[in-house]
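Line by line, the protein sequences give chains A and B. Numbering-wise (the numbering used here), the first sequence opens with residue 1 and increments by one. Numbering-wise (the numbering used here), the second sequence opens with residue 1 and increments by one.
Some hints could be false.
Examples of chain A residues lying across from chain B (beta carbon under 8 Å, computed) [stated by the list, open to error]:
#: 1; residue: Phe104
#: 2; residue: Pro112
#: 3; residue: Arg115
#: 4; residue: Gly116
#: 5; residue: Pro133
#: 6; residue: Asn135
#: 7; residue: Leu139
#: 8; residue: Pro143
#: 9; residue: Ala146
Each pair of labels, with its calculated beta carbon distance range [what the hints assert, rightly or not]:
#: 10; chain 1: A; residue 1: Ala125; chain 2: B; residue 2: Gly97; range: 30 to 38 Å
#: 11; chain 1: A; residue 1: Leu113; chain 2: B; residue 2: Arg19; range: 30 to 38 Å
#: 12; chain 1: B; residue 1: Asn94; chain 2: A; residue 2: Thr134; range: 14 to 22 Å
#: 13; chain 1: B; residue 1: Glu56; chain 2: A; residue 2: Pro112; range: 17 to 25 Å
#: 14; chain 1: A; residue 1: Ala125; chain 2: B; residue 2: Glu105; range: 16 to 24 Å
#: 15; chain 1: B; residue 1: Glu56; chain 2: A; residue 2: Gly124; range: 14 to 22 Å
#: 16; chain 1: A; residue 1: Gly124; chain 2: B; residue 2: Ala26; range: 16 to 24 Å
#: 17; chain 1: B; residue 1: Ala112; chain 2: A; residue 2: Gly124; range: 15 to 23 Å
FYI, nobody ran anything at the bench for these hints, they're computed from the structure. Note that CB positions come from ideal geometry on N, CA and C, so glycine has one too.
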Amino acid sequence: MSQQNAGRFAHEVMRGMRPDAHRFIRPDWRRFVRPGCEGEAPFDFYECFERKYSPDQPRVPAGNSDGGQWTSEGGGGGGAQLPTNAKPVQHRPSQSMRVAQAGFGMLVAEIPLARGRNCVYNFGAFSVVIPGPTNFHCLRSVPLAATTHGQLLNDNRPGR
Amino acid sequence: MVTSDILPANFTISAEAKRAIKDVRAQYDKQWPDNPAAVACIAWGIVKPNDGPQSERVIVGFYQRSMLADVAHGIQEVSGVPLIFFTTEDYVGNFAGKVLDYSIERGFFLRAP
């Protein structure tokens, strides 16, 4: 698409869009986006959205009680609720896997505010938002045990 | 207030919380042995479950060695613990005069002295 056409397309999109259209986007829209596209605005990556039907999605083989049913492709799992001005934070896949196993919530976004910013951590079943100043970086991770209760934290402490 | 100001820590830390902070440090060191925990971070967090009401609580984490140089200017010592007090004016009142404590049942929490 030429630059002129792209600009015209953007204008047409905005012309028919409410100024508060972002309020009508599902807060968990990132769940439906393929890996690698999370950092873009939704209207910039229409092709990245997962469709209900995919001819490539695997099925349970015939002969099983669930034969023919769609099988899970993994994914999903409670994303943080992010506003449109959130700055997503990218992590290497291997790093995210290790962190999930150890019970750390990873920084998924830094949301600029008028007087500071919100650091958003995703724990799967819940998110933690930490409001902070701009003179320090957000923590890269927060341990699950330090955000919920002490059982996990104290499992390795003898005599407790 | 400008956001470059550093809010002075206005709380203290109990002996039990100090031990728990050491445990948190050990978790970081175990998870990232090549980038171990460097300095503690005390913050106020808003916990938002995917379903159900949200809650608020004190959060304890660690800046790792790779980030130490970036935050070193703001390290404060509270009850003998070097830390970064990572919060804003909107939430600093939650810490005022309180003791950061720890129990197995409640995790980290703030209580009156």
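A quick look at each hint next to the structure:
1. Contact between phenylalanine 104 of chain A and chain B, as hinted, is supported at the beta carbon level, the nearest pair being about 7 Å apart and thus within 8 Å.
2. Evaluation of the proline 112 of chain A hint against chain B yields a violated restraint, the C-beta minimum of about 11 Å exceeding 8 Å.
3. At its closest, the beta carbon of arginine 115 of chain A sits 6 Å from a beta carbon of chain B; the interface hint therefore holds under the 8 Å criterion.
4. For glycine 116 of chain A, the suggested interface contact is upheld, since its CB lies about 5 Å from the closest CB of chain B, less than 8 Å.
5. Contact between proline 133 of chain A and chain B, as hinted, is supported at the beta carbon level, the nearest pair being about 5 Å apart and thus within 8 Å.
6. At a threshold of 8 Å, the smallest CB-CB gap from asparagine 135 of chain A to chain B is about 5 Å, leaving the interface hint in force.
7. About 5 Å separates the beta-carbon of leucine 139 of chain A from the nearest beta-carbon of chain B, less than 8 Å, and the hint is met.
8. Below 8 Å, beta-carbon pairs count as interface contacts, and proline 143 of chain A has one with chain B at about 5 Å; its hint therefore holds.
9. Here the hint on alanine 146 of chain A is kept, as its CB sits about 4 Å from the closest CB of chain B, short of 8 Å.
10. Alanine 125 of chain A and glycine 97 of chain B have their C-beta atoms about 33 Å apart, which keeps the hinted 30 to 38 Å range intact.
11. The given range of 30 to 38 Å is respected by leucine 113 of chain A and arginine 19 of chain B, whose C-beta atoms sit roughly 34 Å from each other.
12. For the pair asparagine 94 of chain B and threonine 134 of chain A, the supplied restraint of 14 to 22 Å holds, since their beta-carbon distance comes to about 20 Å.
13. For glutamate 56 of chain B and proline 112 of chain A, the hinted distance range of 17 to 25 Å is satisfied, since their beta carbons lie about 21 Å from each other.
14. At roughly 20 Å, the beta carbons of alanine 125 of chain A and glutamate 105 of chain B sit within the given window of 16 to 24 Å.
15. Taken as a hint, the range 14 to 22 Å holds for the pair glutamate 56 of chain B and glycine 124 of chain A, whose Cβ atoms sit roughly 20 Å apart.
16. Roughly 23 Å separates the CB atoms of glycine 124 of chain A and alanine 26 of chain B, a value that falls within the hinted 16 to 24 Å.
17. Checked against the given bound of 15 to 23 Å, the beta carbons of alanine 112 of chain B and glycine 124 of chain A, roughly 34 Å apart, lie outside it.
Hint violations for this structure: numbers 2, 17, all remaining hints satisfied.
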